[in-house]
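S.K.: In case you want the letters, here they are:
There are 2 protein chains.
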Amino acid sequence: MNMTNQIDKRSPRTKARVIQILDAATACFVEQGFHGTGMARIAERAEMSAGHIYHYFDSKDAIIAAIVERETSAHEAKMREFQSLPCENLKNEMVARAEEGVRTNTDPFRSALSLEIVAEAKRNPDIAERLRRHDVIVRTEFARLLSEKLKLDHAEGRVEVLFTLFDGLAIRMLRHPDLDQAGLTRFIRQAILAVLAD
Amino acid sequence: MNMTNQIDKRSPRTKARVIQILDAATACFVEQGFHGTGMARIAERAEMSAGHIYHYFDSKDAIIAAIVERETSAHEAKMREFQSLPCENLKNEMVARAEEGVRTNTDPFRSALSLEIVAEAKRNPDIAERLRRHDVIVRTEFARLLSEKLKLDHAEGRVEVLFTLFDGLAIRMLRHPDLDQAGLTRFIRQAILAVLAD
DNA sequence: AAAGTTAGAATGAACGTTCGAAATAATGTT
DNA sequence: AACATTATTTCGAACGTTCATTCTAACTTT
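In order, the protein sequence lines correspond to chains A and B. 24 is the number of the first residue of the first sequence in our numbering; add one for each residue after it. 24 is the number of the first residue of the second sequence in our numbering; add one for each residue after it.
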């Protein structure tokens, strides 16, 4: 009955199964969307029966919640890397990482997953809440970085624009799948530098 | 084959009903998403029976297709306004209109509708195709504007960043519904100016 | 053999869609 | 004008399908 103990006591086998389901579901959602994917298809891809998935997750909704959890915590971990960076040359380092971020966010799989999560948040208040809580964390941490280490004023406004830019990439990839990444990156850097200027 | 004639031949009553359905469906989709909305709810909001909707639309998918059509053509009309603008002071005019665009795209109803359309495109190839065709039009027209009237090189790359910014606003509103619009707009202008600089 | 694990058919609800008839409007006839 | 007839609009119940979820029995492992 004790859920917390159950989680802690998960055997390696169980943990592997959970990851197996999560990976399969993620792939399905990316390809056909949350509502276009049936439990049967997830089961097929995870190489187990549909009914069996319910031994690891209470519902289909719980699966996407777990996927969102996985994504957001990975994202928060990436954010923490920034905080341990030295102050000098921080701006250049940030621009460099931003370009890496462009590459990541324009990756078809990643951008599709982001969009799927956002789409689900529009329908599922629980997902929306998770996304907002996560956003507060990365937003305020990043703003403090700009404010304390780069000595920039109005850090919140700057962060908002930077995040808008990166969020926009997922939609951009959907509307223009074969866009010129190099050309895009060049002017994104220009935009980022402008937003980070005094 | 002539769609325009078909529309023209519709009786005022029919046109009113179609708009009634489209408006009701749009409101429902914005609030609960396409898949969270049943035909029954659309019917209730449009004040007619569910079955009757099928006299005006072949399917639920046809409704969202019509909504997308309405949105994209309104968007293309707005784009055409730019072309009739005088060359001198065009850049300032564009920045001014961009700020108006920020206001529009951060409107809760509008941003939710944009997201819903994008989300549906992820699942429905027909919608995705419509969105891409529309994107080609506004993208190339806008690029020509930058290239011919503002004499800017790499117009496509610049346009891509500008569009990324505006597309991102819809997601941003979902993640951070009560963001500070003024602070955002200030740095968006800064970013736009950087993208439009030689 | 007991406990844990798996499969796949059964269940039941939700929902898009269809259908036949009733109500209403339009047209024609005397 | 009054009536008859044809066409259009509207409704709401019924249908069929899809799909998440449950259940029971079989199978592994210890």
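Among the hints, erroneous ones may be present.
[What the hints assert, rightly or not] Using 30 Å as the maximum straight-line C-alpha spacing, the simulated DSSO-like pairs for lysine-lysine come out as follows:
id : chain 1 : residue 1 : chain 2 : residue 2
1  : A       : Lys101    : A       : Lys83
2  : B       : Lys114    : A       : Lys83
3  : A       : Lys114    : B       : Lys114
4  : B       : Lys38     : B       : Lys83
[To be verified] Label-pair distances were calculated between CB atoms; the ranges are:
id : chain 1 : residue 1 : chain 2 : residue 2 : range
5  : B       : Ser170    : A       : Arg120    : 54 to 62 Å
6  : B       : Leu113    : A       : Gln43     : 28 to 36 Å
7  : B       : Ile42     : A       : Pro35     : 57 to 65 Å
8  : B       : Ile42     : A       : Gly59     : 49 to 57 Å
9  : B       : Arg33     : A       : Glu164    : 54 to 62 Å
10 : A       : Glu70     : B       : Ala39     : 50 to 58 Å
11 : A       : Arg120    : B       : Asp176    : 33 to 41 Å
12 : A       : Ala119    : B       : Arg209    : 22 to 30 Å
13 : A       : Val118    : B       : Asn115    : 22 to 30 Å
Calculated directly from the structure, the hints in this document are not laboratory data. For each residue, glycine too, the CB sits at the ideal point set by N, CA and C.
S.K.: Each hint needs a verdict: does it hold in this structure or not?
M.R.: Hint check:
no., hint, result
1, A:Lys101 <-> A:Lys83, "holds, 28 Å"
2, B:Lys114 <-> A:Lys83, "violated, 50 Å"
3, A:Lys114 <-> B:Lys114, "holds, 29 Å"
4, B:Lys38 <-> B:Lys83, "holds, 18 Å"
5, B:Ser170 <-> A:Arg120: 54 to 62 Å, "violated, 31 Å"
6, B:Leu113 <-> A:Gln43: 28 to 36 Å, "violated, 56 Å"
7, B:Ile42 <-> A:Pro35: 57 to 65 Å, "holds, 59 Å"
8, B:Ile42 <-> A:Gly59: 49 to 57 Å, "violated, 29 Å"
9, B:Arg33 <-> A:Glu164: 54 to 62 Å, "holds, 55 Å"
10, A:Glu70 <-> B:Ala39: 50 to 58 Å, "holds, 54 Å"
11, A:Arg120 <-> B:Asp176: 33 to 41 Å, "violated, 27 Å"
12, A:Ala119 <-> B:Arg209: 22 to 30 Å, "holds, 26 Å"
13, A:Val118 <-> B:Asn115: 22 to 30 Å, "holds, 28 Å"
When each numbered hint is compared with the structure, violations occur for hints 2, 5, 6, 8 and 11.
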